[in-house]
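Trainee: Chains as they are written, first to last, in this note's numbering: chain A, 1 to 304; chain B, 1 to 304.
Hints are not guaranteed to be accurate.
Chain copies aren't distinguished; within one or between two, either way the pair holds.
[Unchecked claim] Here are the simulated DMTMM-like pairs of lysine to aspartate or glutamate, each with C-alpha atoms no more than 25 angstroms apart in a straight line:
1. Lys209 x Glu38
2. Lys227 x Asp59
3. Lys109 x Asp81
4. Lys65 x Glu94
5. Lys62 x Glu94
Read the hints as simulated data drawn from the structure, not as lab findings.
On a predicted model such as this, the values are computed, not experimentally measured, just so you know.
2 protein chains.
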Amino acid sequence: MRYFITGGAGYIGSNLTDRLLADGHKVVVYDNLSTGFERFLLGAKSLPGFEFVPGDLLDTDKLAKAMNGCDFVFHLAANADVRFGTEHPGRDLEQNTIATFNVLEAMRKNAVKKIAFSSTGSIYGEPDVFPTPETAPFPVQTSLYGASKLACEGLISAYCEGFGFQAWIFRFVSILGERYTHGHVFDFYKKLLSNPDELFILGDGHQKKSYLYVQDCIDAMLLAIDKAGERVNILNLGSDEYIEVKPKLSYAGGERGWIGDSPFILLDCTKVRSLGWAPRVGIRDAVTRTLDWLSKERWVLDKR
Amino acid sequence: MRYFITGGAGYIGSNLTDRLLADGHKVVVYDNLSTGFERFLLGAKSLPGFEFVPGDLLDTDKLAKAMNGCDFVFHLAANADVRFGTEHPGRDLEQNTIATFNVLEAMRKNAVKKIAFSSTGSIYGEPDVFPTPETAPFPVQTSLYGASKLACEGLISAYCEGFGFQAWIFRFVSILGERYTHGHVFDFYKKLLSNPDELFILGDGHQKKSYLYVQDCIDAMLLAIDKAGERVNILNLGSDEYIEVKPKLSYAGGERGWIGDSPFILLDCTKVRSLGWAPRVGIRDAVTRTLDWLSKERWVLDKR
Numbered sequence: 001m002r003y004f005i006t007g008g009a010g011y012i013g014s015n016l017t018d019r020l021l022a023d024g025h026k027v028v029v030y031d032n033l034s035t036g037f038e039r040f041l042l043g044a045k046s047l048p049g050f051e052f053v054p055g056d057l058l059d060t061d062k063l064a065k066a067m068n069g070c071d072f073v074f075h076l077a078a079n080a081d082v083r084f085g086t087e088h089p090g091r092d093l094e095q096n097t098i099a100t101f102n103v104l105e106a107m108r109k110n111a112v113k114k115i116a117f118s119s120t121g122s123i124y125g126e127p128d129v130f131p132t133p134e135t136a137p138f139p140v141q142t143s144l145y146g147a148s149k150l151a152c153e154g155l156i157s158a159y160c161e162g163f164g165f166q167a168w169i170f171r172f173v174s175i176l177g178e179r180y181t182h183g184h185v186f187d188f189y190k191k192l193l194s195n196p197d198e199l200f201i202l203g204d205g206h207q208k209k210s211y212l213y214v215q216d217c218i219d220a221m222l223l224a225i226d227k228a229g230e231r232v233n234i235l236n237l238g239s240d241e242y243i244e245v246k247p248k249l250s251y252a253g254g255e256r257g258w259i260g261d262s263p264f265i266l267l268d269c270t271k272v273r274s275l276g277w278a279p280r281v282g283i284r285d286a287v288t289r290t291l292d293w294l295s296k297e298r299w300v301l302d303k304r
Numbered sequence: 001m002r003y004f005i006t007g008g009a010g011y012i013g014s015n016l017t018d019r020l021l022a023d024g025h026k027v028v029v030y031d032n033l034s035t036g037f038e039r040f041l042l043g044a045k046s047l048p049g050f051e052f053v054p055g056d057l058l059d060t061d062k063l064a065k066a067m068n069g070c071d072f073v074f075h076l077a078a079n080a081d082v083r084f085g086t087e088h089p090g091r092d093l094e095q096n097t098i099a100t101f102n103v104l105e106a107m108r109k110n111a112v113k114k115i116a117f118s119s120t121g122s123i124y125g126e127p128d129v130f131p132t133p134e135t136a137p138f139p140v141q142t143s144l145y146g147a148s149k150l151a152c153e154g155l156i157s158a159y160c161e162g163f164g165f166q167a168w169i170f171r172f173v174s175i176l177g178e179r180y181t182h183g184h185v186f187d188f189y190k191k192l193l194s195n196p197d198e199l200f201i202l203g204d205g206h207q208k209k210s211y212l213y214v215q216d217c218i219d220a221m222l223l224a225i226d227k228a229g230e231r232v233n234i235l236n237l238g239s240d241e242y243i244e245v246k247p248k249l250s251y252a253g254g255e256r257g258w259i260g261d262s263p264f265i266l267l268d269c270t271k272v273r274s275l276g277w278a279p280r281v282g283i284r285d286a287v288t289r290t291l292d293w294l295s296k297e298r299w300v301l302d303k304r
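Go ahead and model the full structure; you've got the sequences and the hints to work with.
Mentor: Here it is as structure tokens:
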């Protein structure tokens with residue numbers, strides 16, 4: 001198989017790239033390096049069957065050309081800057097919604113009909129049901145990020161119906177592990193390094209978060225693509241565990257860390273578990289592995 | 001109040017314009033006349049307090065300028081060509097999703113914080129529950145039109161959360177009445193006029209449709225805006241009745257009229273009825289009024 005991975009120089013994308021190459025597949029990574037790092041692809045670059053195309057998803061010609069000859073698309077590239085959505089409201093529309101449309105059109109041009117997509121548990125807004133199943137009541141969006149991912153899911157589903165595509169849409173919780181370069185744990189680590197005596201937390205510290213280890217996430221995606229055979233497969237991807245963001249020191253206050261932050265995301269992952277998957281690494285271990293990696297790769301702290 | 005109505009030269013928009021002017025309000029209509037007709041505004045133009053700005057929602061400067069001084073936005077403009085979505089997949093993205101984003105940004109620039117939006121029952125895809133409530137299980141989109149309306153709803157909701165907007169999102173069934181210029185009834189009428197001996201029907205004729213009379217639709221919107229005071233108010237807007245599309249003659253076959261067509265849309269309208277609204281005109285009367293109007297306004301048949 002020849003896989004096309006948007007955002008393949010990013011955190012999850014580069015780990016997925018390594019896995020697919022190790023499994024003997026060919027991989028084309030398409031990434032504009034806005035948040036990805038070419039050094040995450042150093043291992044991949046030493047292997048045959050790998051190709052890196054630096055490019056933007058808004059460059060539709062380059063995108064379509066790069067996808068030529070591929071069999072399957074992992075569309076992982078996104079503006080993942082959930083928190084500052086209201087400072088630049090057009091960014092989620094452009095880099096998520098329009099970019100996804102461009103990926104789908106490039107697939108049509110190249111007769112590629114299978115796509116896996118990284119959506120988000122944020123799409124449930126502020127649900128009434130925990131853990132939240134895929135069939136939760138029709139949610140109301142609370143962030144521009146969630147709204148854009150909702151738009152992407154809708155587009156992908158409509159392409160499945162209208163153009164005979166098949167899709168695997170994964171609604172992620174936060175993912176931890178090697179090459180993790182942004183998010184709560186990253187921010188906390190960076191703040192504590194610069195001032196070990198104080199940690200300033202957005203919100204009231206009681207926000208609960210569920211994390212999944214990156215290799216467990218990849219296991220689940222690959223298994224689901226193999227086992228789930230509907231036209232549109234929508235799967236929550238998380239852990240049954242959660243932890244409270246509750247350091248000891250000072251708080252900005254408020255139930256939410258920022259406008260549009262979900263105070264709690266805990267997904268009902270019965271559906272993906274029914275395919276035979278279970279996470280192998282718990283949250284505590286996932287945090288430890290992440291911190292170990294960050295402490296070895298200090299360069300990444302200066303890049304963000 | 002000074003209302004800004006996108007798509008105000010269209011079917012529902014022009015009826016709403018007349019109503020608001022009759023109620024003593026000021027109205028600015030913004031419409032690119034791609035599917036609207038300036039002659040629908042002839043009555044409005046004879047009244048003080050009315051302004052027509054011919055313009056496109058993709059022209060962001062003109063849009064923002066035209067909205068200056070308005071208090072409330074009815075965003076009704078849309079690509080409503082549900083059926084041919086797969087022939088030009090970018091159109092729904094551009095004219096619905098991006099256009100809605102532009103409306104929201106124009107509102108931010110003008111400090112207008114209230115918006116009513118015409119969404120669609122198609123957003124429920126192919127639901128399992130009939131009549132379908134607003135809190136139906138998280139739907140899977142089956143048309144590019146539905147997907148784009150979903151994206152619009154998400155954007156509007158996120159602006160409510162992020163920028164303190166208040167929204168009334170109406171999920172319509174098909175609307176019938178004076179100035180109706182496209183849809184099943186229009187197509188059937190036109191076909192029967194040209195050949196009264198045969199009517200070729202897409203699908204198997206058993207598609208069920210629920211229709212609402214346009215003045216009932218306007219009553220419901222105005223009442224809901226007055227009575228429903230949540231930050232994001234999402235309301236189905238339809239009739240409890242439905243009819244089968246079942247003429248006698250020849251059928252294209254298949255359960256659906258076209259890819260992405262919903263075989264059945266019947267909305268649970270308990271929520272909007274709880275505000276004190278009920279339709280006053282039944283489906284049969286609504287069809288009759290529509291046909292009466294079409295028979296008097298033959299010019300419109302040549303324009304489509």
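Trainee: Up to 25 angstroms between alpha-carbons, please classify Lys62 paired with Glu94: within, between, both or neither.
Mentor: both (17 angstroms within a copy, 21 angstroms between copies)
Trainee: Measure nothing new, just compare the shortest in-copy and cross-copy C-alpha distances for Lys209 and Glu38 to 25 angstroms and report within, between, both or neither.
Mentor: Neither, since 30 angstroms and 54 angstroms both go past 25 angstroms.
Trainee: Between copies, within a copy, both or neither: which fits Lys109 and Asp81 at Cα up to 25 angstroms?
Mentor: between (30 angstroms within a copy, 23 angstroms between copies)
Trainee: For the identical chains here, do Lys227 and Asp59 meet the 25 angstroms Cα criterion within one copy, between copies, both, or neither?
Mentor: neither (34 angstroms within a copy, 47 angstroms between copies)
Trainee: Can you give me the call for Lys65 and Glu94, within, between, both or neither, at a CA distance of at most 25 angstroms?
Mentor: both (21 angstroms within a copy, 23 angstroms between copies)
In this structure, the hints that do not hold are numbers 1 and 2, in rising order.
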